[in-house]
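Residue numbers (our numbering), protein chains in the order written: chain A, 451 to 836; chain B, 65 to 291.
Quick caveat, the hints were computed from the structure, so don't treat them as lab data.
There could be a bad hint or two in this list.
[Said to hold, decoys possible] A short list of chain B residues far from chain A (calculated; beta carbon distances all over 10 Å):
hint, residue
1, 73
2, 87
3, 195
4, 275
[Said to hold, decoys possible] A few chain A residues that face chain B, going by a derived Cβ cut-off under 10 Å, partial list only:
hint, residue
5, 692
6, 776
7, 778
8, 781
9, 784
10, 786
11, 787
12, 798
13, 805
14, 806
15, 811
16, 820
17, 823
18, 825
19, 826
Even glycine gets a Cβ: it sits at the ideal position worked out from N, Cα and C.
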Amino acid sequence: MKNKDLILEIVDNLDINETMYKNAEEKYKNIAKYLESKGLDVEIYPQGSFRQGTVVRPYRKGKDRNYDLDFICKCFYDKNKYTPVEFKNIIGDILKENEIYRSRLKEYDRCWTIEYADIQDNIGFNIDIVPALQANEEFKKELFKYNIESDIANEFIIIPDSDGKEGSWISANPEGFALWFESINNQEYIDYRNKIKKEIFKESRHIFASIEEIPDYRIKTPLQRTIQILKRHRDIYYDRSNLNNEKPISAIITTLVSYLVAESHETLDLSNLLNMMYENTRGMEFILKDDNSMLKSVFAEKIKRSGNNRWELLNPVNPKDNLTDSWTDKTAKEFIKWISELEKDLTRGESSNNELRSVFGISTDNLDDKYRDIHPIQPWRCNNDG
Amino acid sequence: MMGRNSLDCFFIKQDKINIETETETEIILSGTYILKAKHNKIFLSKNYEIEITINKNYPNNIPKVFIKEKNRYKDYEHIYSDGELCLGTPSDLYDIALKNDINEFLVKTLDSFFYTLTYYYKYNGQYPYGERSHGTLGVLSYWMDKFNLESVESTLALMKIIALNNYRGHYPCPCNSDKKIRNCHGPLILETLKDGFSPIVKTEILLIKKEMSYLNEYRRKINSTSR
Chain A
451 MKNKDLILEI VDNLDINETM YKNAEEKYKN IAKYLESKGL DVEIYPQGSF
501 RQGTVVRPYR KGKDRNYDLD FICKCFYDKN KYTPVEFKNI IGDILKENEI
551 YRSRLKEYDR CWTIEYADIQ DNIGFNIDIV PALQANEEFK KELFKYNIES
601 DIANEFIIIP DSDGKEGSWI SANPEGFALW FESINNQEYI DYRNKIKKEI
651 FKESRHIFAS IEEIPDYRIK TPLQRTIQIL KRHRDIYYDR SNLNNEKPIS
701 AIITTLVSYL VAESHETLDL SNLLNMMYEN TRGMEFILKD DNSMLKSVFA
751 EKIKRSGNNR WELLNPVNPK DNLTDSWTDK TAKEFIKWIS ELEKDLTRGE
801 SSNNELRSVF GISTDNLDDK YRDIHPIQPW RCNNDG
Chain B
65 MMGRNSLDCF FIKQDKINIE TETETEIILS GTYILKAKHN KIFLSKNYEI
115 EITINKNYPN NIPKVFIKEK NRYKDYEHIY SDGELCLGTP SDLYDIALKN
165 DINEFLVKTL DSFFYTLTYY YKYNGQYPYG ERSHGTLGVL SYWMDKFNLE
215 SVESTLALMK IIALNNYRGH YPCPCNSDKK IRNCHGPLIL ETLKDGFSPI
265 VKTEILLIKK EMSYLNEYRR KINSTSR
């Protein structure tokens, strides 16, 4: 892979840096302490990209945005005592009692968001607190039928959604998903991680007393990097294409790339993994035509299309959650088109570093005089052709 | 007059384009146009096979550009069925031709055209800096901008003065300002006339008339069938 170093540099710069990481960690732990001091029996833990080490800077409408970091705030209450809205408000009301949190608090259907606008160099983050309760035992038992392992089933939670008068409960398993992801990431890349740790240790003996002291989150495996590359390229591509309604959610990307790693017989490096992604996505053309009888690929096994324009990719830890629930054939076609653009962008020989940066929405200093500035002339068409 | 030196500058930048044939009045170029351009911090590059017909009477005659693989871009609305690129409205192009030598003209119009084309196919049919309305409306929008008017009738009346070259300073200005032209749009008209826009605007008015007659005929047909 020709531009590997530059691509890695790009995603590394889009990742949350160590200062911000530690700052966010301190803040969510303080929120937990605060809630406990008010008599709540809670446990707060990261979910999503912050948990999986696949954070990228969000991008919407042509601009970089503040990081969104998600946290589950699991309370040990009896679900039957409250409506979803009532339960959600217990957390919200306590947060509002605190001056610091109140001024930064915003409410969304499924979370309370605390905004920290400027942590470092005008970049901030939003801490999303998702109130949750443990799922009941019956629900978990049902899951055993689907061969869900008990340590993953135990992590099921229910989340209040305050849309509507009383709201509703939604079941979810972000921690189970993270455990699933982690097991693939750890199993496949243990040697890789140890090798990098040794290199870091060699270069910074003054920081770490031993190799064991180097935290895992400091090392990003090819799996994590691939997810970051895909997520960022997706954000730019779908934004510029004005296709935000067709944009695949991050959980789909994480699931698919993880399957590629899990099902492979060998350890995949970054370019292997990206190539597998291109190849498998091209194969989706056959799924689209219901002609996948001959297709032997990871995606063909995991992604199903039912005749009437419906798609199915199950959440690996929750067989009741179809990640592609909102997909139509159009979504699938756009997905295929997106990955083919990604492939072109990452493999084209003649494009410059600045051109590569710009497909990831990275502003350059524009000092590249090989690229002329456009004097925009709006295209026109005479209505009498020929 | 078309400067020979200026054309050489074009060949230095676009070294995959050569002279194919040359007659007394025309030069035909052919080869690969190399787009390497940036707009709003988005960098794009791509190669296109093209043919350019330059009339030696430039800037009075605007060069025509044809794309060779026209079938690839069938659904792109700004390429005619014979492969000719619609680079801009006649006035947009003449405006650029007046202010630029042939090299600058080609680079500006082709960069802008191919940047849009590349962006369009890369990003789901989006236009990075918009497009003019097709036909009459697009032609009018250039002049409405220039005259700073919103009324189609007033704009057309002013365009007619340019096309017919019959400026009379003491006539009331067609923009309904209740002023004489010389105290209103007059200076702008005179400047446009001096720049030689007359024949261009004449063509534009013909285009508009042609479209209007299509429209009227279409209406007549609709009316007669509905009767």
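Structure-based check of each hint:
Listed as a non-interface residue, residue 73 of chain B keeps its Cβ farther than 10 Å from every Cβ of chain A; the least gap is roughly 13 Å. With 10 Å as the threshold on Cβ separation, the claim that residue 87 of chain B sits away from chain A holds: the shortest Cβ distance comes to roughly 24 Å. Taking the minimum C-beta to C-beta distance to chain A, about 5 Å, the non-interface status of residue 195 of chain B is violated against the 10 Å cut. Against the 10 Å criterion, residue 275 of chain B falls within the reach of chain A, whose nearest CB is about 5 Å from its own CB.
A least Cβ separation of about 6 Å between residue 692 of chain A and chain B falls short of the 10 Å threshold, and the interface hint therefore holds. This hint is violated: residue 776 of chain A has a C-beta 18 Å from the nearest C-beta of chain B, more than the 10 Å allowed. This hint is violated: residue 778 of chain A has a C-beta 16 Å from the nearest C-beta of chain B, more than the 10 Å allowed. Look at residue 781 of chain A: its Cβ only gets to about 13 Å from chain B, farther than 10 Å, so that hint breaks.
Below 10 Å, beta-carbon pairs count as interface contacts, and residue 784 of chain A has one with chain B at about 8 Å; its hint therefore holds. A distance limit of 10 Å between C-beta atoms decides the matter here; for residue 786 of chain A the minimum to chain B is near 13 Å, and the interface restraint is violated. Below 10 Å, beta-carbon pairs count as interface contacts, and residue 787 of chain A has one with chain B at about 8 Å; its hint therefore holds. At about 8 Å, the closest approach between the beta carbon of residue 798 of chain A and any beta carbon in chain B falls short of 10 Å, and the interface hint on this residue holds.
Here the hint on residue 805 of chain A is kept, as its CB sits about 4 Å from the closest CB of chain B, short of 10 Å. Among the interface hints, the one on residue 806 of chain A holds; its C-beta lies about 8 Å from the nearest C-beta in chain B, closer than the 10 Å criterion. Proximity of residue 811 of chain A to chain B holds as hinted, the smallest CB-CB distance being about 9 Å (cut-off 10 Å). With a least beta-carbon distance of about 6 Å to chain B, the hint placing residue 820 of chain A at the interface is held under the 10 Å criterion.
The beta carbon of residue 823 of chain A comes within 6 Å of a beta carbon in chain B, closer than 10 Å, and the hint placing it at the interface holds. Because the beta carbon of residue 825 of chain A sits about 5 Å from the nearest beta carbon in chain B, less than 10 Å, this interface hint is met. Because the closest C-beta pair between residue 826 of chain A and chain B is about 4 Å apart, less than 10 Å, the hint holds.
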